[in-house]
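Given chain A, put chain B in place with the hints provided.
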Amino acid sequence: SQKIEQNSEALNIQEGKTATLTCNYTNYSPAYLQWYRQDPGRGPVFLLLIRENEKEKRKERLKVTFDTTLKQSLFHITASQPADSATYLCALGPVGGGFKTIFGAGTRLFVKA
Amino acid sequence: GAVVSQHPSWVICKSGTSVKIECRSLDFQATTMFWYRQFPKQSLMLMATSNEGSKATYEQGVEKDKFLINHASLTLSTLTVTSAHPEDSSFYICSARSQINQPQHFGDGTRLSIL
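One line per chain: the protein sequences are A and B, in this order. Quick note: the first sequence, position 32, residue 34 per the working numbering, numbers continuous. Quick note: the second sequence, position 22, residue 46 per the working numbering, numbers continuous.
Just chain A, with the same shape it has in the complex:
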C-alpha cells in the first residue's frame, strides 16, 4: 500500500542546533516533494519544493534533500530558533488521476531557548 511516514514523535532540540526531519514514502513515484510549515490554528505555509531530478535545495536556513532511490527526503533547519517551533508537513505529488498532493501526518518541532 502507499504510505508517507514522518517522524511520529515530536522533535525537541536546543536553539542554535540543526533540526533534521525525515519523510519516507513507499509505493509512490512522485515527480516532486514539498515541505510546509503549520502553526496551531493556521493553514500550512509552503516552504520548499524539490523535483525528482534535484538532489538538494536550499533557502536561507532551510535545506531539503530528495533521494528517489531510498524514497526519502530530509529537511534541515540550521541555527534553529524558538520561532521555528511548529509542525512540518511533507507532501508528494502529483498522485492519481486528479494530480493530487498527498500529505504526511507531520512532525512537531520544539526549539528550546
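Each hint should be verified, as a subset may be incorrect.
In silico BS3-like cross-links for lysine-lysine, where the CA-CA straight-line distance does not exceed 30 Å [claimed, not checked]:
#1 Lys-19/A - Lys-61/A
#2 Lys-38/B - Lys-90/B
#3 Lys-44/B - Lys-90/B
#4 Lys-90/B - Lys-61/A
#5 Lys-65/B - Lys-114/A
#6 Lys-5/A - Lys-65/B
#7 Lys-65/B - Lys-102/A
#8 Lys-65/A - Lys-114/A
#9 Lys-65/A - Lys-65/B
#10 Lys-102/A - Lys-88/B
#11 Lys-5/A - Lys-79/B
#12 Lys-38/B - Lys-79/B
Examples of chain A residues toward chain B, derived with CB under 10 Å [what the hints assert, rightly or not]:
#13 Val-47
#14 Leu-50
#15 Phe-101
#16 Phe-105
Ranges of calculated distance between the beta carbons of each label pair, as one might list FRET restraints [said to hold, decoys possible]:
#17 Gly-40/B - Thr-22/A: 46 to 56 Å
#18 Phe-101/A - Phe-63/B: 45 to 55 Å
#19 Pro-42/A - Ile-36/B: 17 to 27 Å
#20 Leu-139/B - Gln-83/A: 36 to 46 Å
Read the hints as simulated data drawn from the structure, not as lab findings. We put the beta carbon where it would ideally sit given N, CA and C, even for glycine.
The following block gives chain B in isolation, referenced to the frame of chain A:
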C-alpha cells in the same frame, strides 16, 4: 506573492444551518483548488479537488450533497456545508494551485462550530 484568502475564519451556528466558506487566490490564477478537513493534532484530510468550470472530484467517504463545492472562476471556490450538524464541526482549509507541478498555497482555515 501566492496569497490565498479564506473567509470566514470562524463560524458558530445552530444545527440545521447551511454555512458557506469562500476561498480566493488573490494574486494568481488557480486552475485547481482543494478543500481539506483537519481534526486536532491530525493531518490534512483531503475532501475534494475542484478545477475551474468543472464539477468537483470528491474523496471516498465524503458526501457530495453535504459538502457542495463550486469553483466558478480562476480565483474563487466555495464550500457549502449544508444542513450542518455538530459532527460537521471541524477546521476546514482550502488551498489553490496554479499548475500541476507548482506548490499549493493555503488559506488560513475556517473553524466551524455547530451547536
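Evaluation of the provided hints:
no.: 1; hint: Lys-19/A - Lys-61/A; in the structure: 17 Å, holds
no.: 2; hint: Lys-38/B - Lys-90/B; in the structure: 16 Å, holds
no.: 3; hint: Lys-44/B - Lys-90/B; in the structure: 12 Å, holds
no.: 4; hint: Lys-90/B - Lys-61/A; in the structure: 41 Å, violated
no.: 5; hint: Lys-65/B - Lys-114/A; in the structure: 21 Å, holds
no.: 6; hint: Lys-5/A - Lys-65/B; in the structure: 19 Å, holds
no.: 7; hint: Lys-65/B - Lys-102/A; in the structure: 22 Å, holds
no.: 8; hint: Lys-65/A - Lys-114/A; in the structure: 21 Å, holds
no.: 9; hint: Lys-65/A - Lys-65/B; in the structure: 25 Å, holds
no.: 10; hint: Lys-102/A - Lys-88/B; in the structure: 18 Å, holds
no.: 11; hint: Lys-5/A - Lys-79/B; in the structure: 28 Å, holds
no.: 12; hint: Lys-38/B - Lys-79/B; in the structure: 29 Å, holds
no.: 13; hint: Val-47; in the structure: 7 Å, holds
no.: 14; hint: Leu-50; in the structure: 9 Å, holds
no.: 15; hint: Phe-101; in the structure: 5 Å, holds
no.: 16; hint: Phe-105; in the structure: 5 Å, holds
no.: 17; hint: Gly-40/B - Thr-22/A: 46 to 56 Å; in the structure: 49 Å, holds
no.: 18; hint: Phe-101/A - Phe-63/B: 45 to 55 Å; in the structure: 25 Å, violated
no.: 19; hint: Pro-42/A - Ile-36/B: 17 to 27 Å; in the structure: 19 Å, holds
no.: 20; hint: Leu-139/B - Gln-83/A: 36 to 46 Å; in the structure: 40 Å, holds
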